[in-house]
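Chain residues, written in single-letter form:
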Amino acid sequence: MNIVIDGKSCTCEPGEFLLEVARRNGIYIPTLCNHEGLLGQGCCRVCIVEVVERGWSKTVVSCIYPVLNECEVHTNNEKIKQQRGIILRLLQKRAPQSEIIAALCKAYSAPALDKLNEKDGKCIICGLCVRACSTLGAGAIATVNRGITKEIAPPFNEPPADCIGCGSCARVCPTKAIEYHENETTRTVWEKTFTLVHCASCGAQMGTQEELNFAAEKAGTEPSTLCDACRKKQLALVMADVYSAT
Amino acid sequence: MKRTLLVCCGTGCLANGSEQVVQALENAINKMGVMGQIEVKAHIKRTGCNGFCENGPIVQILPDDISYYKVKPHDAQDILSALQENKVVERLLYKNENGERIKSKLENPFYKPQYKIALRNIGEIDPGNIEDYISRGGYEALTKALNMSGSEIIEQVELSGLRGRGGAGFPTGRKWRTAAGYDVFPKYVVCNGDEGDPGAFMDRSILEGDPHSVIEGMAICALAIGATEGFLYIRDEYGLALKNVNAALASALELGFLGKNIMGSGKALNLSVVRGGGAFVCGESTALMASIEGRVGEPRAKYIRSVQRGLWDCPTVLNNVETFANIPVIIRDGGPLYATLGTKTSSGTKVFALVGKVKRTGLVEVQMGATLRHLIFDIGGGIIDDRPFKAVQTGGPSGGCIPSAMLDLPVDFDTLTQYGAMMGSGGMIVMDDRDCMVEVARYYVKFLTEESCGKCTPCREGLRHMLDILTGICEGRGQDGDLELLEQLCQTIAESSLCALGKSAPNPVLTTLKYFRDEYEAHIHNKYCPAGVCSKLTTFVIEKNKCKSCGLCKKNCPVNAIRGEKGQAYEIDQRSCIACGSCRQACRFEAILAQGRAQK
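Residue numbers (my numbering), protein chains in the order written: chain A, 1 to 246; chain B, 1 to 600.
You can take every hint at face value.
When the alpha-carbon atoms are kept at most 30 Å apart in a straight line, the in silico DSSO-like pairs for lysine-lysine are as follows:
{"id": "1", "chain 1": "A", "residue 1": "K58", "chain 2": "B", "residue 2": "K503"}
{"id": "2", "chain 1": "A", "residue 1": "K119", "chain 2": "A", "residue 2": "K81"}
{"id": "3", "chain 1": "A", "residue 1": "K93", "chain 2": "A", "residue 2": "K106"}
{"id": "4", "chain 1": "B", "residue 1": "K302", "chain 2": "A", "residue 2": "K150"}
{"id": "5", "chain 1": "B", "residue 1": "K70", "chain 2": "B", "residue 2": "K243"}
{"id": "6", "chain 1": "B", "residue 1": "K503", "chain 2": "A", "residue 2": "K122"}
{"id": "7", "chain 1": "B", "residue 1": "K95", "chain 2": "B", "residue 2": "K548"}
{"id": "8", "chain 1": "B", "residue 1": "K514", "chain 2": "A", "residue 2": "K58"}
{"id": "9", "chain 1": "A", "residue 1": "K81", "chain 2": "B", "residue 2": "K302"}
Quick caveat, the hints were computed from the structure, so don't treat them as lab data.
Start from the sequences, fold in the hints, and give me the full structure.
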């Protein structure tokens, strides 16, 4: 089927998310909470667009809007620009330290709503980190409270017991709000410091011991002491032995 | 003659001591029996809420048709003695505006204009006794429905024109028809009993006072769409509702109205209660379903409706308590008859919780299309102390404030929406000239900042910023541009929020801005609260020539800021006064004046 986005005719499959269709056709829509590995979050609302379907106009969130009927889409008209500007200004009030939001505000000429509180950080409570953590299976962090007091936190605001230090939360965070430090030997996240394990053969960093144990337990194997590359190399040698023996 | 004493045991009357009244009546009956004087065989029944809670505890005597109000345990002896002599206790009868005592419930000006369908049994039956419900035609509709096809049942609901009573007003028949059309099983039927609007208690009353009508309505729906499993989602704060519904489910199961083989038809329905943890947002359909599934009560985008993919991704019909309570009557008497009630586009009746500054507060059921004036002035008896009416807030945090110029609007699904408010689920808060509309808007926004699920940006952050602006205006920090920014925020929140909570959250602000903009401007430009409510902008003074030095103000002052003695005019010490307004509320002589601080 065909839809028209910003005047351009685009081909798509029924049920495809509007954002995907736009991106495939080179039309830029800003996003924050959209992550290709964790689709369907749909809560930052930065990617709103106007959809006109059978004469009816509505504002929808393009990252979770399934295209089911022929329609005309406006990703950046005056109305959307104004509303997106307001959403960005609201996000900036919540996360004044975030560089990406500051840049978007600048791009949309959205001035600060009022004096920003320096104590506020970078988190926009989109919950991607929570989803990443629970999708992996550790489930060490969660959203706490509701309404304007909602926040992302480990249980009791203590370093989370279930955290395996994989750092997925920090990696998916669109505003780099989760503190994450790493040096040669240790990694610190959620105020919990983990010892990093290195490959017994080549010495490459393999992650935290907790991470390796967690993965091994899920796979029903013993934690490996070799990195991926060395394990493959070792396996190749075994195979070569088997073949040369025959 | 055998008499039945119906003692109201709704939440309001229980709080006013109706359980003690029951005890006292029982004791009195026993005592009279022992003394051999009794000629009246009285039987006591604990009923659900009669709706006229402020006049509780209420005792109705049948078949004499006597209703007593504000009954205390020590009245029990008088009531029974009078009954023995076929007399009435005059002092316990309701007194109308002209000072006449009213004996019959139906002659009471509060009840007379009402038309009861959803509340048909409440106050007349013991909710704990299924036989009571059956004796008033209960489960007849289910029996009838068992001999109809699903499509025939739905046709009657469609013909009735019934629209969802939860607030959105979606045609119930169409919802059922859509759900019935999906060939995916299992299907679910869910009752939304997560009533949470401030000041609303319609669903609570039905669940407490007539749980079987809801169960029967759900069973009929299940037959119509082909569901075999259902849930009643009831907020945990409604303790009596939970108790009565659970008991009703058990007795309906016992008599075969539910279970694996409904009345021998071979059809099955299992209903169970899910307790809500107290989040307002769980009244939103998708959040409610998430909560039933055991997830955090957050809504999802409804680009695919829950009637197609609801509970556990299966077709689900979710209706409000009051909607289900209407169903048995529609099936029993036929859809076309129901459609003759109310207006063309909003058929039937609607229950309202009439509260605030109105003389007769309580639960009322009227035909759709009744005017606000009829509700507030005829049934409600007008404003307390005959002060000027200022506004009525309908529809809770999703609704709006309607000014006096619009009192003659008919109340139905569509009319109020055209004016920016909505009928909503039935909350109706009446306000007089001593209510500040900016403060009302601030109150609702504050409520929603606490009750938003916090998932999407416009609702969570937008409401937070609106609250900052409104608090600023109420505290005298309002500035030019505030109102324009509020309007922009409202538009964005309304259009880009995830669920109906966010989409309708701006309504209290938008309607007050539309109809009471001058009040906002007085706060911002003159730092003056015309209603004398916003304490940072208001001082109270006692007008010496009007003060009768009765001392009521002094007695009511929470911080002892009022000095004076009998015989002299009282005076307020401005240094310790917190401008709460208790003195003004207490004064019977209009001697206490609210002034702007800036005007001093």
